[in-house]
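Given the coordinates of chain A, assemble chain B onto it according to the supplied hints.
What follows is each chain in one-letter form.
2 protein chains.
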Amino acid sequence: MGFITNDHVISHDDDKTSLVSRVWCWLHHLPKRLVAKVVGIATMMRNLARDDPRRVIHSFKVGLAITLVSLFYYFQPLYNSFGVSAMWVVMTVVVVFEFTVGATLGKGLNRALATSLAGALGVGAHHLASLCGKIGEPVLIGLFVYIFAAASTFMRFFPKIKARYDYGFLISILTFSFVSISGYRADEIVELAHKRLSTIAIGGSVSLLINSLIFPVWAGEELHRSVATNMEKLGLFLEGFGTIYLKSSEGEVKSKDGNKTSFQGYKSVLNSKNVEDTMANFARWEPGHGRFRYHHPWNQYLKLGGLVRQCAYRIDALNAYFDPQTQKPQKFPEEIREACTKISLESSKTLKELGSSIRKMTYPSTSVNAHIVSSKAAVKSFKTFLKSGSSYNQNAELLQIIPIATLASLLIDIVDCTEKIAESTYDLAILAHFKKAKIKETNVVEKSKPENVTKHEAVTNNHVDCPQVVITIAELTLITSNSSAQGNYVDAKSDGQHTLDD
Amino acid sequence: MGFITNDHVISHDDDKTSLVSRVWCWLHHLPKRLVAKVVGIATMMRNLARDDPRRVIHSFKVGLAITLVSLFYYFQPLYNSFGVSAMWVVMTVVVVFEFTVGATLGKGLNRALATSLAGALGVGAHHLASLCGKIGEPVLIGLFVYIFAAASTFMRFFPKIKARYDYGFLISILTFSFVSISGYRADEIVELAHKRLSTIAIGGSVSLLINSLIFPVWAGEELHRSVATNMEKLGLFLEGFGTIYLKSSEGEVKSKDGNKTSFQGYKSVLNSKNVEDTMANFARWEPGHGRFRYHHPWNQYLKLGGLVRQCAYRIDALNAYFDPQTQKPQKFPEEIREACTKISLESSKTLKELGSSIRKMTYPSTSVNAHIVSSKAAVKSFKTFLKSGSSYNQNAELLQIIPIATLASLLIDIVDCTEKIAESTYDLAILAHFKKAKIKETNVVEKSKPENVTKHEAVTNNHVDCPQVVITIAELTLITSNSSAQGNYVDAKSDGQHTLDD
Numbered sequence: 020m021g022f023i024t025n026d027h028v029i030s031h032d033d034d035k036t037s038l039v040s041r042v043w044c045w046l047h048h049l050p051k052r053l054v055a056k057v058v059g060i061a062t063m064m065r066n067l068a069r070d071d072p073r074r075v076i077h078s079f080k081v082g083l084a085i086t087l088v089s090l091f092y093y094f095q096p097l098y099n100s101f102g103v104s105a106m107w108v109v110m111t112v113v114v115v116f117e118f119t120v121g122a123t124l125g126k127g128l129n130r131a132l133a134t135s136l137a138g139a140l141g142v143g144a145h146h147l148a149s150l151c152g153k154i155g156e157p158v159l160i161g162l163f164v165y166i167f168a169a170a171s172t173f174m175r176f177f178p179k180i181k182a183r184y185d186y187g188f189l190i191s192i193l194t195f196s197f198v199s200i201s202g203y204r205a206d207e208i209v210e211l212a213h214k215r216l217s218t219i220a221i222g223g224s225v226s227l228l229i230n231s232l233i234f235p236v237w238a239g240e241e242l243h244r245s246v247a248t249n250m251e252k253l254g255l256f257l258e259g260f261g262t263i264y265l266k267s268s269e270g271e272v273k274s275k276d277g278n279k280t281s282f283q284g285y286k287s288v289l290n291s292k293n294v295e296d297t298m299a300n301f302a303r304w305e306p307g308h309g310r311f312r313y314h315h316p317w318n319q320y321l322k323l324g325g326l327v328r329q330c331a332y333r334i335d336a337l338n339a340y341f342d343p344q345t346q347k348p349q350k351f352p353e354e355i356r357e358a359c360t361k362i363s364l365e366s367s368k369t370l371k372e373l374g375s376s377i378r379k380m381t382y383p384s385t386s387v388n389a390h391i392v393s394s395k396a397a398v399k400s401f402k403t404f405l406k407s408g409s410s411y412n413q414n415a416e417l418l419q420i421i422p423i424a425t426l427a428s429l430l431i432d433i434v435d436c437t438e439k440i441a442e443s444t445y446d447l448a449i450l451a452h453f454k455k456a457k458i459k460e461t462n463v464v465e466k467s468k469p470e471n472v473t474k475h476e477a478v479t480n481n482h483v484d485c486p487q488v489v490i491t492i493a494e495l496t497l498i499t500s501n502s503s504a505q506g507n508y509v510d511a512k513s514d515g516q517h518t519l520d521d
Numbered sequence: 020m021g022f023i024t025n026d027h028v029i030s031h032d033d034d035k036t037s038l039v040s041r042v043w044c045w046l047h048h049l050p051k052r053l054v055a056k057v058v059g060i061a062t063m064m065r066n067l068a069r070d071d072p073r074r075v076i077h078s079f080k081v082g083l084a085i086t087l088v089s090l091f092y093y094f095q096p097l098y099n100s101f102g103v104s105a106m107w108v109v110m111t112v113v114v115v116f117e118f119t120v121g122a123t124l125g126k127g128l129n130r131a132l133a134t135s136l137a138g139a140l141g142v143g144a145h146h147l148a149s150l151c152g153k154i155g156e157p158v159l160i161g162l163f164v165y166i167f168a169a170a171s172t173f174m175r176f177f178p179k180i181k182a183r184y185d186y187g188f189l190i191s192i193l194t195f196s197f198v199s200i201s202g203y204r205a206d207e208i209v210e211l212a213h214k215r216l217s218t219i220a221i222g223g224s225v226s227l228l229i230n231s232l233i234f235p236v237w238a239g240e241e242l243h244r245s246v247a248t249n250m251e252k253l254g255l256f257l258e259g260f261g262t263i264y265l266k267s268s269e270g271e272v273k274s275k276d277g278n279k280t281s282f283q284g285y286k287s288v289l290n291s292k293n294v295e296d297t298m299a300n301f302a303r304w305e306p307g308h309g310r311f312r313y314h315h316p317w318n319q320y321l322k323l324g325g326l327v328r329q330c331a332y333r334i335d336a337l338n339a340y341f342d343p344q345t346q347k348p349q350k351f352p353e354e355i356r357e358a359c360t361k362i363s364l365e366s367s368k369t370l371k372e373l374g375s376s377i378r379k380m381t382y383p384s385t386s387v388n389a390h391i392v393s394s395k396a397a398v399k400s401f402k403t404f405l406k407s408g409s410s411y412n413q414n415a416e417l418l419q420i421i422p423i424a425t426l427a428s429l430l431i432d433i434v435d436c437t438e439k440i441a442e443s444t445y446d447l448a449i450l451a452h453f454k455k456a457k458i459k460e461t462n463v464v465e466k467s468k469p470e471n472v473t474k475h476e477a478v479t480n481n482h483v484d485c486p487q488v489v490i491t492i493a494e495l496t497l498i499t500s501n502s503s504a505q506g507n508y509v510d511a512k513s514d515g516q517h518t519l520d521d
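As you go down the protein sequences, you meet chains A and B in turn.
Going by our numbering, the first sequence opens with residue 20, and the numbers climb by one from there.
Going by our numbering, the second sequence opens with residue 20, and the numbers climb by one from there.
Read the hints as simulated data drawn from the structure, not as lab findings.
Wrong hints could be hidden among the right ones.
Since copy identity is lost for identical chains, a pair holds within one copy or between any two.
Stated by the list, open to error - Derived lysine to aspartate or glutamate pairs resembling DMTMM-like cross-links, with alpha carbons at most 25 Å apart: (1) LYS379 - GLU210; (2) LYS153 - GLU354; (3) LYS181 - ASP71; (4) LYS454 - GLU241; (5) LYS179 - ASP71; (6) LYS292 - GLU357; (7) LYS286 - GLU210; (8) LYS181 - ASP70; (9) LYS361 - ASP206; (10) LYS286 - ASP296; (11) LYS399 - GLU357; (12) LYS455 - GLU241.
Here chain A stands alone, though its shape is the one from the complex (with noise of 0.2 Å):
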């Protein structure tokens, strides 16, 4: 110690000081910290709660089916029929009791009816394997078990079996080892099959029972409410970028710079794929239901779904001329701009009135066509705009017109979208039969209705005791209007069911 300066004592004393304080510090600090963390904990969960209150009452529903269930080990004459046995019906519960009802269906049938043919093919192996004597006996059910698992588990990979099955194929494979291997030790072995499958069938129904008859959320809705939201949200983009963007580049006050994010609510648009695959999977197990019937078109809102996204990756590229900080407002002649501000605004109320068509299981109205329609004019009298050569077509640099020319591109794209979409929506409105419109805003359509629409409204108004007809003439407008008005966009209805396919 007699080595050390004082420089060094006082540092070791500095040192000693200061760890004492830190810990002290960080004692003190702690109770604060904890009482932070419990509190974000807290938030989260009450947000959790809050953005989706059928969570809590899904959680007060599993708690009660387990509960429920137990019973089966607290009353003796319950006991009596099952003894420990009654373990797999809590397990059951446990395992099968999904979110959604199709989710909980699927799961059940497929553990019950996975249960009942393995467990009856592992009797059959147990008997086989049981001639060939003591020796032969396990090497046979060794083989038996190997050759099941193996081509069970290759099965899983098919893209098919994977998205509806997985789950049978998995319990296939545990109750065929279960059952053929029990069967080595244990002599009741059709008892032991059947007790393991009547438990199974107990809890299945138990879930099934109280998830589809307590506050249900049944997958198909989600998928038709996720499809209908996804629309409303390109809708609410187009909206923004019509009123604040394309009028802040006029020279306005940019005051709604806060209001951006309140548009960029498309982004999860453009990952929606695997969540509607998934709810249209679950959707399919489920019985008829409210408006949905058993055969409902769930392939449609997959198609459909598959159109929303490519709108939105056009949207994605139209949202870089959102950032005020990498890109400037461009100065747009008064003419483009209008006409931009136009087909952002009608194709977005396109898209909100046919999500909440959707929504509210109407036939799309009227005014969506006449949205269309007027989208589509507006993107005429810009092509006619530019091509008169106006003052600005001779003035401006061509370099400064690209920024435009490609904004105006990709609303005419998005405009096509939102055409396709429509007859897609038609197409499900007729598939999915859902109620006719009331024919109201007749008088609303005739202002801005262009010369070529004037014949089909004429046709409307004609047969508005006979809504049918209606439907198939509007239909048949968009259809006619859609394939001459192909120009410049990819086939996306191919396009969409590649995105399906894959």
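Relative to chain A, chain B alone:
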């Protein structure tokens, strides 16, 4: 029968004959149809196996693992220690054995940890309840189970828990119910909990050993390869776009139309988010292996994947120009065609080289930088051409220019995207300690380098023997050139992060 006219009798006979002949026809074609069905399934299986032979290996591994643990049942000494509980070993293997090591490890650890924690809690709950007498006990246990199940179910809704610990929470409900309810009937519940835990530990270890020792599939490597492949897919599209579309628009023979599909691989990139997120979650469980350490920067792969998807969205917009049926090839002035081809091909090379450098886990070679510089030079020359007000400018109608302007604008966007991807790949190379690339392309670079690179390249050349510095400068070059060129592109980094969050 007297009322039947001759006509009716004949038609009745006809019906009979046609029915018989139809049944005969059906029976006649049945074997053929069955054979066709079997051949169809066999073909599908062969394709599944050929696309990824690891699927077959995985199936055999599962069979092996299950057969191996079934020895616990056959061998008397092993059976003595566990008895009927040996079945838990088999069940654990069936449930835990997943395709990748990460998934198996994650599920196994979740199962083991959840079982031990919930088992201990279950024993505690049982003891607490047993203090309350014969009537109070089931009521209290029921209450505990209810609260535990509801709370755990609600916790499963937290996104972070759902991603990594979902299975653990499921198993904890299972084990807690199992142990605490069993306590009502069995006396040795500590032994029960202990048996359950040890069987799970054995099953998990066997699964893990077989999975990771025999041809292991690492989730981390899957993610790594997926990001690299996605980049290469985009590169392939741009190459096809540059060589086929842009050249065919010149008037060349479009015989390669059938090739179009081979460039459509990028479509799978659009929906790659879900797979990448899942793989990253599995990868985090994996121990270090080969050149991947335990704390490999998996998050950086997700960021990079987000940027690649950003680029894919632009490419999807560009793809609209690829369809010869809806889109007539534009007549490009030679200068613009050349510039677009160059941008397309150079970006393609950049993406392909970046993908290949990730695949090989080396720093991107300096030629990547050269390709970026070269594509930017093409953008510049394109802009200069437009600014110069050439003959094309004065003669062409504005309307004709729109498709070309859009095409160019999208390509410029893609150059920006490519640059951000390069930047992010450099970050990854640093974080993941990639191997340093050998600098051999210097001569090639010098041929094509424009003025503003000369300085950097000169520095690079001076430091050839000190690769670390080279990279740092190359990186700086990228960053500075990037920040100055952010022109008309939204901040992709924040976009990428947003994509990851929602």
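Under the constraints set out in the numbered hints, which ones does this structure not fulfil? The structure breaks hints 1, 2, 6, 7 and 9; every other hint is satisfied.
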